[in-house]
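The listed protein sequences correspond, in order, to chains A and B. Residues 110 to 433 (the working numbering) are what the first sequence spells out, left to right. Residues 16 to 552 (the working numbering) are what the second sequence spells out, left to right.
Note that these hints are calculated values from the structure, not bench results. Keep in mind that this is a model prediction, so the values were computed, not measured. Be a bit skeptical, because a hint or two may be false.
[Unchecked claim] Pairs of lysine-lysine residues, derived as BS3-like cross-links and limited to a Cα-Cα distance of at most 30 Å, are as follows:
(1) B:K212 with B:K191
(2) B:K396 with B:K411
(3) B:K269 with B:K487
(4) B:K191 with B:K42
(5) B:K148 with B:K191
(6) B:K95 with A:K326
(7) B:K396 with B:K487
(8) B:K487 with B:K379
(9) B:K277 with B:K487
(10) A:K326 with B:K42
(11) B:K95 with B:K302
(12) B:K379 with A:K326
(13) B:K212 with B:K302
(14) A:K133 with B:K302
(15) B:K375 with A:K326
(16) A:K326 with B:K191
(17) B:K375 with B:K396
(18) B:K302 with B:K191
Chain by chain, the residues:
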Amino acid sequence: MWTAHDATAGRSAVAHMLRFWLVKLLRASITLWLVVTAVFIVLRTSGDPVQSLLPPDARQEEIEQFREAWGLDRPLTEQYAQYIVNVATGDFGKSYRDGRQVSTIIAERVPWTLMLGLTSYAVAVLLGVPLGIWAAIRRNTFVDRLIMSFAVMGFALPNFFFGILLILLFSLSLRMLPSSGTGTWMHMIMPAATLGLATAGALARFTRSAMLEVLGKVYLRAAAAKGVSFRDRILRHAVPNAAIPVVTVMGLNLGHLVGGAIVVETVFAWPGVGRLLVSSVSSRDLAVVQALVLMIACTMVAANLIVDLLYGVLDPRIRIAAKD
Amino acid sequence: MTAEPVLSIRNLSVSLPPGSDRPHAVKNVSFDLQQGEILCVVGESGSGKSVTAQAIMGLLPGNLRTDEGAILFGGNDILKASGSERRDITGRQIAMIFQEPTAALNPVFRVGDLVAETFRIHTNLGASEIRQKVLDLFREVRLPEPEQIYNNYPHQLSGGQCQRVMIATALALQPKVLIADEPTTALDVTTQAQILKLLLDLRREHGTSIIFITHDFGVVAEVADRVAVMRYGEVMEIGTHTQVLQNPQNDYTKRLIAAVPKLAAGAPRDITGSLVLEATNIRKTFKSGGNWFQRGRSVHAVNDVSVTLRRGETLGLVGESGSGKSTLAQCIIRLIDPNSGEINIEGVRFSDLGKAALRKARAKIQIVFQDPYSALDPRQKIGEAIAEGPVIHGMKESEARARARSLLADVGLDPEAFDRYPHEFSGGQRQRICIARALALDPLLLIADEAVSALDVSIQAQILELLARLQKERAFAMLFITHDLRVASEICDRIAVMRHGKIVEEAVPADLLLHPQQDYTRELLAAVPGAHHRPQA
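Here chain B stands alone, though its shape is the one from the complex (with noise of 0.2 Å):
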């Protein structure tokens, strides 16, 4: 590919407000993007890689500033080009889709209406003639009955129809640059081998250049044709595909590389423990509610499930939004009542305890949640939200106060950390806060909702050793729900693959990647992304 570029950054800096806590967003970042390349820019959090594609589409945030560089597109400086000749330019010929596609649809507007927004901007084309051609898009991103969704509001499309209509409004006017910004995050990964699948076959067709920021090498292994790898806002590696993957130059490269969670089975281990949980045939339904021109309905959120755990065992729940697994662990821990089945708990029969019986009893099971910024109350210091629990179930605050520490020292924290508060930390540190205080209790059952699912994969596979390691010393049982089948099947001795409420395959990681029994586990498995581009660290 030696044309002339499409698009072409020069030296793009951006700098951030005073008081952050670094000077640019950007720094000298230089590219280029050929006619149909596929450049993945890959980054963790705060990498510049999304402020590069704010810079590209005159969309940065309002307290930040392009101070240096040139964005050349078709041959002129878009920094320097006038408001109009930007609006032009904007939606038309440098398009953009987002990372959440169902927060990116106005709730207000139908979604055709939407579509049809982008040609009454830029055309003159008249009413009839608009709608037409939204249906004609529609239906090349595959929407199935492209009239009915025509009228059809965002909150009733699923998240994977909307960032096919989001698709269809950035490919409207068929340009020559399409940015997407982790479009396909928020998705389910079978949702997200679909959209990738249908951003290939639309580059194909037109020919269209794209940009694919994202954090997820997996991804990038499917679809780059080039790779930019961004850190503190830098350029620390650009290469074709094989370059980057097989043979990374840069040491941040094969770290990042190293750190990606792969597709197989960890060694097996000897599980000898007693029997913690035993989960029979629990059941859950919830009622939605109705309005005025509709019924509520009934969702089978968990359908007749049983799970067993033993102690020093990692059990794995895996599955897509609202397949259950959630609300399965709620279950266990009573957080909601399930309509049916039993749950006992080293031998205490859980699901009949009353509310103070309940209360007491809860001290066994705890949990750690996926979000780490709002597990934590803002107000109270961390040591002291370690310390909490055990104080309410009655040991001295003294006692309490020093075990706090010590476990801030097993987690990796500084002991001295116990009166500072939760924004002082990184997104990693105070989930380490968060496993801090579940362990505070001693439980024999630890639940793990998503919880290294918001994290960056270095960071994710320091967790993931850390929870392994505490496993080993305290031998407590571990329910860990995850949507990324890949980092189950590193950690977990079993895994149990939900869908609708069910579980549907239950095996040993091993026997479940190499001979999935279900349609549906096959069907998971093929989604991984990056499954069939193995990289090598």
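This is chain A alone, in the form it adopts within the complex (with noise of 0.2 Å):
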């Protein structure tokens, strides 16, 4: 029954349910506005942009003029207040390499990026979780061992090795699929397989010690003596506790897709952010590695609120406070 006590607390409820989330939208924007601080200041004392970025005979009123352009000449303290200023307002600047906004450039890549990432993303969560799953179901025996031993290679190869690898045996000796470049879905397959594979083997190994843990509980075994078939058990009451740490990870995952598709991208000649990110800090381009920097920093931050939410969907314990 609705009571004008449940109305209260229900407003209440609200209220408090708004502070949560601009107490989280704050702590969020501190740790975006530490991100470009730092990375503001490193790049900046980590060698003059101008050297990298005009030909290394240039003349003296170039660079001169080079500086007065983009701001360079000014002091350290107010070029920072400004991209500050600018960064808050939406505007990223231009690159310094061929003077188009940073926006279009980062528009332009980000699609590609995205497909790489989001379809890596499915590989890892479609084979991860469900042979995580397995394992524990089959604990200690050979096909346990078989999945840990495949999900142990997958993180434990880096990146760039399982790339080439790759590369040297569906390129090289078979010709079966492109080595780098896009086109078609085929020049897909092996980035993706890449970056999703290794993603893979860490969330089997998770979801197989969160799936451990529940399986031993008492409520397991509850609900087997009421009769409770083995399938039921495991999906309708195993998975969704296992899947509250589970969710941890593949939240952490989602942050990476963008961050871990650097090497991926140098690799494969993948026209994406993580390449651009690459080229831009070789080049010293800091328009760019700035507003990529923050982006990664904003896609870190979003999972882990996805995740803050995700964990209310899942356990009734976040949702609902104990009782008096």
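Mind docking these for me? Both chains are given alone in their own frames, and the hints should help you get the complex.
Shown next, in the form of structure tokens:
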């Protein structure tokens, strides 16, 4: 029955939730501000952008002109203040290399990274989670050991090495898949596999241990005592509980989508933000680097927020506080 | 009761995997369960009582097999039943409830849905009919506001309410047999008394036969029609309530019954020692963390409590879970800092000490914890665990080691065990090690926080004896925290009853037991299992 008391409780709950999200947002902005500041300082103290952007034989006037054009002649504090104001208003500046809007340059690349990242993420989840569950059910059998061996291999092999192995095998020896670039869905297979399989390995291991812990719980014995079938005990009773820790790891991996693609995009010459970041760092295209790092940090923060939300969905103990 | 038994166990043997400390978990066990009877299976840990229950339910862990015997239910051997026949019996005709009710309910389900599941599996009833049946069951097991509880999650219910939900699940399809595996062990004593009463009522109303597994002879005295005593996987003795409790034949049964703590005051002692502990007006409030939807709450865990202790004296802090007794102890030793109040230990203002001074002063207070398994570092040799404290407080290594050896002897262990690791010892031995470790610093005050609660009764009696002897020899003051009035009445000079963070009554055991002043104390005393059926040892 809905009572006046419930109504007051409901209003206070809404107020409380608003405050919860405000605090979250505030924390996220502090994180982002720290990231931007750190990047700004590191990039500007580790070398002169002019040296790498202009040809080595550039004349002094050219250098001065360039500095003035990009505001690099002003004191660092002033540059920093200007930069923060710009970022806060959504202006990421222009690339030092070709003078185009940074946001335009990044927008060109984002779809590619998303395509690769989401595909590999799907591979990781669809492969890693069921394999982890299977390994847990078949604990200490051949199946378990086989799955775990692959899982360890998956995340022990460095990305670049695994990618190169795939190129050697499928492109050079078997000539089945294109070694790099884009164009057809075939181009996607190896980069997505490289990125996805490593994550799948980590997820499988994690899912396995989460499942094993849940499988030992009394409530699963209680379910068996009711006569619940094995399938339902696993799918209905065990998996939702095991999902709580697994989601944390899945969330972190979601955050790695953009950041993790750097190596793989370079190996397979994939035109995403990862490769853009590498080339921008080496050419000291500060505006682009700063915007990209900010974007990567944003995806991490967003992934964490999503995980926080999912916790509440998955775990009633978080959603509903205990009674007095 | 001469009719055909409902359930008949015949020569049941379950072997343990190779490398275990004995070949069989259960060996050659036979007993009958009659219609409407409560058979108590009693035994200490490792006696095979739970394995017997699991074998009946078909819930043996993967590494255990029944290799001999028969379990006759309705004239058929259910060990030979096919998978589908077995599933039809499990949950429908033979049901089970577990020791830890809060752990036996899946945390992500609403409790109503958990009970409804049994109907969904075994019947063709529609959703609304099932809901109605679940609500009826909730009423039957006396859950308050069934409609609301239906939609609650397990964490929103108390331990007793969770056990009621479990019982509702088990009774859903009116099973012929209910197996209750230590169903009240994890509950507070007043809750335990309510659950026992509920089980007795249900037996009377439905004629359900119950196998009641317990380690507690007090509970046996309350509920049993017949009693089977198990040890090392074998049935030592089986007989009626009166036969086994009043006139046990088997030596083990006799010893076990003798070891059960009695609700009777020990001989009063003359305490003349100097004042060791003076804690006045201690307060501790916890703020529990809120979440997205709710604000945090404050709990007054300890609310204006004062205690004193003299050398050689034992003060019992008795209370149910959440009464604040452990928090008070932790405030005294300053493992947590009280919000206010003053603690004097041998004249030193303990509550005002800074970090460095506190570290030094802590040598004077030592604590023995409840769970001897997690209280010892598994990677530290036991001798070193004992010597570590003295060394930290400045004793020479060689001297500390010599003291550790002599302490091992004092607590009844071999001094040569110095170099062994905790996993080589039983629970009782580990608790002896913990006591030696606590005494290594020659404390003025020893806090025993439920120090015998996790132990079997026979071991419990030995540890209580050990503590009493050591206290006599060393004259330390002891703050003895327990939920068990029986244990407290045996060992304490004074007993303080705590509830909701306050001491509601404090008295010498004889007065407290015979002339309790407070209703709550009377309630606690009445709830002590077996209080009215004192077995003759």
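How the hints compare with the structure:
no.	hint	verdict
1	B:K212 with B:K191	holds, 19 Å
2	B:K396 with B:K411	holds, 18 Å
3	B:K269 with B:K487	holds, 28 Å
4	B:K191 with B:K42	holds, 25 Å
5	B:K148 with B:K191	holds, 18 Å
6	B:K95 with A:K326	holds, 28 Å
7	B:K396 with B:K487	holds, 28 Å
8	B:K487 with B:K379	holds, 17 Å
9	B:K277 with B:K487	holds, 21 Å
10	A:K326 with B:K42	holds, 27 Å
11	B:K95 with B:K302	violated, 56 Å
12	B:K379 with A:K326	violated, 41 Å
13	B:K212 with B:K302	violated, 36 Å
14	A:K133 with B:K302	holds, 21 Å
15	B:K375 with A:K326	violated, 42 Å
16	A:K326 with B:K191	holds, 26 Å
17	B:K375 with B:K396	holds, 24 Å
18	B:K302 with B:K191	violated, 47 Å
In this structure, the earlier hints numbered 11, 12, 13, 15, 18 are contradicted, and the remaining ones agree with it.
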